[in-house]
Each structure stands twice: as structure tokens, then as C-alpha cells.
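As you go down the protein sequences, you meet chains A and B in turn.
For what it's worth, my numbering labels the leading residue of the first sequence as 212, then goes sequentially.
For what it's worth, my numbering labels the leading residue of the second sequence as 2, then goes sequentially.
Just so you know, these hints were derived from the structure itself, not from any lab.
Incorrect hints may appear among the rest.
As the list claims (entries may be wrong) - Beta-carbon label-pair distances, calculated as ranges:
{"no.": "1", "chain 1": "A", "residue 1": "A219", "chain 2": "B", "residue 2": "I182", "range": "25 to 33 Å"}
{"no.": "2", "chain 1": "A", "residue 1": "V282", "chain 2": "B", "residue 2": "V180", "range": "45 to 53 Å"}
{"no.": "3", "chain 1": "A", "residue 1": "E249", "chain 2": "B", "residue 2": "V180", "range": "41 to 49 Å"}
{"no.": "4", "chain 1": "B", "residue 1": "I105", "chain 2": "A", "residue 2": "V282", "range": "19 to 27 Å"}
{"no.": "5", "chain 1": "B", "residue 1": "V180", "chain 2": "A", "residue 2": "A217", "range": "20 to 28 Å"}
{"no.": "6", "chain 1": "A", "residue 1": "S252", "chain 2": "B", "residue 2": "L162", "range": "38 to 46 Å"}
{"no.": "7", "chain 1": "B", "residue 1": "R148", "chain 2": "A", "residue 2": "K214", "range": "17 to 25 Å"}
{"no.": "8", "chain 1": "B", "residue 1": "V170", "chain 2": "A", "residue 2": "I223", "range": "34 to 42 Å"}
{"no.": "9", "chain 1": "A", "residue 1": "E249", "chain 2": "B", "residue 2": "I34", "range": "47 to 55 Å"}
{"no.": "10", "chain 1": "A", "residue 1": "E249", "chain 2": "B", "residue 2": "F168", "range": "16 to 24 Å"}
{"no.": "11", "chain 1": "A", "residue 1": "E215", "chain 2": "B", "residue 2": "I116", "range": "18 to 26 Å"}
{"no.": "12", "chain 1": "B", "residue 1": "S177", "chain 2": "A", "residue 2": "S252", "range": "40 to 48 Å"}
{"no.": "13", "chain 1": "B", "residue 1": "Y45", "chain 2": "A", "residue 2": "I233", "range": "42 to 50 Å"}
{"no.": "14", "chain 1": "B", "residue 1": "A37", "chain 2": "A", "residue 2": "A219", "range": "40 to 48 Å"}
Glycine included, every Cβ here is placed at the ideal spot set by N, Cα and C.
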Amino acid sequence: MTKEFAIAAIMIAASFGPGLAIGWIASSALSATGRNPEASSKIQSAMILGLAFAEAIAIYALVVALVLKFV
Amino acid sequence: MEIVLAPEKIAHLGGLTITNTLTASCLVVAVLIFGALLVRRTGYSLESRFYNLIEMLVETFLTVIESVTHNKTVTRYFLPIIGTFFLFIVFNNWFGIFPGMGSIGFWEEHEGKKILVPFLRSANSDLNMTLAVALASVAFTQVAGIRFLSLRKFIKKYFNLKNPILFFVGLLEVISEIVKIFSFSFRLFGNIFAGEVLMIVILGLVPFLAPLPFMGIEMFAGFIQALVFAMLTLVFTSTNLAGEH
Numbered sequence: 212m213t214k215e216f217a218i219a220a221i222m223i224a225a226s227f228g229p230g231l232a233i234g235w236i237a238s239s240a241l242s243a244t245g246r247n248p249e250a251s252s253k254i255q256s257a258m259i260l261g262l263a264f265a266e267a268i269a270i271y272a273l274v275v276a277l278v279l280k281f282v
Numbered sequence: 002m003e004i005v006l007a008p009e010k011i012a013h014l015g016g017l018t019i020t021n022t023l024t025a026s027c028l029v030v031a032v033l034i035f036g037a038l039l040v041r042r043t044g045y046s047l048e049s050r051f052y053n054l055i056e057m058l059v060e061t062f063l064t065v066i067e068s069v070t071h072n073k074t075v076t077r078y079f080l081p082i083i084g085t086f087f088l089f090i091v092f093n094n095w096f097g098i099f100p101g102m103g104s105i106g107f108w109e110e111h112e113g114k115k116i117l118v119p120f121l122r123s124a125n126s127d128l129n130m131t132l133a134v135a136l137a138s139v140a141f142t143q144v145a146g147i148r149f150l151s152l153r154k155f156i157k158k159y160f161n162l163k164n165p166i167l168f169f170v171g172l173l174e175v176i177s178e179i180v181k182i183f184s185f186s187f188r189l190f191g192n193i194f195a196g197e198v199l200m201i202v203i204l205g206l207v208p209f210l211a212p213l214p215f216m217g218i219e220m221f222a223g224f225i226q227a228l229v230f231a232m233l234t235l236v237f238t239s240t241n242l243a244g245e246h
């Protein structure tokens, strides 16, 4: 039972930071697009890269949680 | 509901164990090779829809790569490997949500329980596979660095005795290359495996209609992950061409 709580705690802690980061990246990308709509394609590709980096942090925690659960 | 982290073994061929992710990735490779041969046989013709589709794809790749490298020769050099990474990963991810992927197999006694061992399973839900692709990507980064810088400049980036700060920076560069392998492989593996687990859980909760939107999400995530993998390889390689800091 303790293990289940540990897994839940990992996911809670690890989704907090990347959630903030993803929201922030998307909001700044949107305001940049609003200010300069011609650059939207460039901003979009940079945004996707940034999102991938932010998301990856949550994915590492997810991998740890999955290993705890299924191994 | 059974979820296993490691790929299931389905057969042995001499010393080689054949897992279900291996068969899936071989099938994807076969499809890609068949497509390539088909394009070659069609040759240049504007009437052929298939040829036009492939040409559009290659042109898109070239535009995207050139927007990062700003150099025609480097773009030509990057196109085959970056394109292959993208196509291989995206086809593997989409192949993973085909009907029959996790459902056709044979029953096996395992620790007193009967479990279904599927013949095919999405190749990127196996850490060995993503690690191999990540290693290939990082190796390509280094090879391109040697190819476009001189060997002396390339070594100088990682090992510089001119002053202690540069030496320390070189050490950090080495560490960052090793971390790249892990981050590449875990990002892809985590996303695809999490997608598989999500599908199994949703199928267990509501078997009809409910999994449909999640399949859409999976297709999108598979595409984005392939794009991210190819883009990151591209960006790392082109920063590697810039030489030392």
C-alpha cells in the first residue's frame, strides 16, 4: 500500500512543475504570435521544442513511477 | 488487465530472442523499404499521386532542415538521416494503434496465471529500441561534427587544456552528450508506453467509443514525438557544427 502512495506522490510532485512550465511556454508563445503574426511558424517550432523539454521532465518521473509499479 | 514493462518473448532463433517489439519494428522497416522501392520504380512522373506525395514530404523535410542550418550542403547531408528518424519513429508509433496490435497472440502460463502474449507490440514501448535510436542519433551528432569541423576543433570542444575554465566546460559538454542519450530514449519510451497503458486502462473502463478520442490523442502524440526527436537531433547536430564555445 505504501508503494501505491509513493507512486501517486511521485506523479503529483512531477506533474506540478512541467504543468506550470507548459502553460507558461504556450502563453508566451501565444503573446509573441499576437505581437508578430508573421513569425508564427518560427515561434511554433520553437514552442514545440520547449514543450518537449518541459514534458520530458514529467516523463522521467512517469518512467520511475511505471518501474515502481510494474517491475 | 496485464501491463508488462519489458517486451514479451515470442520465439528463440539460435541465441537471438525474438520479442514482439522486434517483429513490429521489422514489419515497419519492411513497409518503409517497400515504399522506397515503389517510389524508385514509379520514377519521376507528375501524374502519379504517390510520387507527388513523397516529393511533398521530401520538400517539407528540406525546408524544415534548411530553416535550422541555413546551408544547402549541410541540408543535403542531414536529409537522409533526419528524414529516416522521423519516418521510422512516426510509422512505429502509428503502427502501435493498428487493430490487432496487442490483441492477436497466444496464451501462456505465467506464474500460475494464463496471460495473452501478443505477436506485435508498438516498438517504441520497448526501452531497448528507443535506446538504440537515441544512440544512433547522438552518434550522428558526433560524426557530423567531425565531418564539418576539423578533427582538431572537434576534440578541442570536449578536451581543452588552454585554461581551467575551458577544461571544465569540455567536461560539462561530455556529460551533456551522455545525458542526451538518456533524455532522448526516456522521452520517447515514456510517451509511447504511457500511451499504451492509457489505452489499456480506458479499454478496461469503457470498452466502446470511449477509447476513440484517446486514439486520436495517441496519433497526435506519436507524430509530435517523432517530430521532436528529429528536430532535437537536427538542432543538436547543427549546434555541434558551430564548434567550441
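Results for each hint:
1. At roughly 30 Å, the beta-carbon separation of A219(A) and I182(B) lies within the given 25 to 33 Å, and the hint holds.
2. Restraint check, V282(A) to V180(B): a C-beta distance of roughly 23 Å breaks the suggested window 45 to 53 Å.
3. Against the hinted window of 41 to 49 Å, the Cβ-Cβ separation of E249(A) and V180(B) comes to about 36 Å, which falls outside the hint.
4. I105(B) and V282(A) have their C-beta atoms about 26 Å apart, which keeps the hinted 19 to 27 Å range intact.
5. Between V180(B) and A217(A) the beta carbons are some 25 Å apart, a value that agrees with the proposed interval 20 to 28 Å.
6. A hinted range of 38 to 46 Å holds for the C-beta pair S252(A) and L162(B), which are about 44 Å apart.
7. Checked against the hint of 17 to 25 Å, the C-beta distance between R148(B) and K214(A) comes to roughly 49 Å, which is inconsistent with it.
8. Between V170(B) and I223(A) the CB atoms are about 37 Å apart, so this pair conforms to the stated range of 34 to 42 Å.
9. For E249(A) paired with I34(B), a C-beta distance near 41 Å fails the hint of 47 to 55 Å.
10. At roughly 44 Å, the beta carbons of E249(A) and F168(B) sit outside the given window of 16 to 24 Å.
11. At roughly 22 Å, the beta-carbon separation of E215(A) and I116(B) lies within the given 18 to 26 Å, and the hint holds.
12. S177(B) and S252(A) have their C-beta atoms about 28 Å apart, which leaves the hinted 40 to 48 Å range violated.
13. For Y45(B) paired with I233(A), a C-beta distance near 44 Å keeps the hint of 42 to 50 Å intact.
14. A C-beta distance of roughly 47 Å is found between A37(B) and A219(A), which places it inside the suggested range of 40 to 48 Å.
In summary, the numbered hints that this structure violates are 2, 3, 7, 9, 10, 12.
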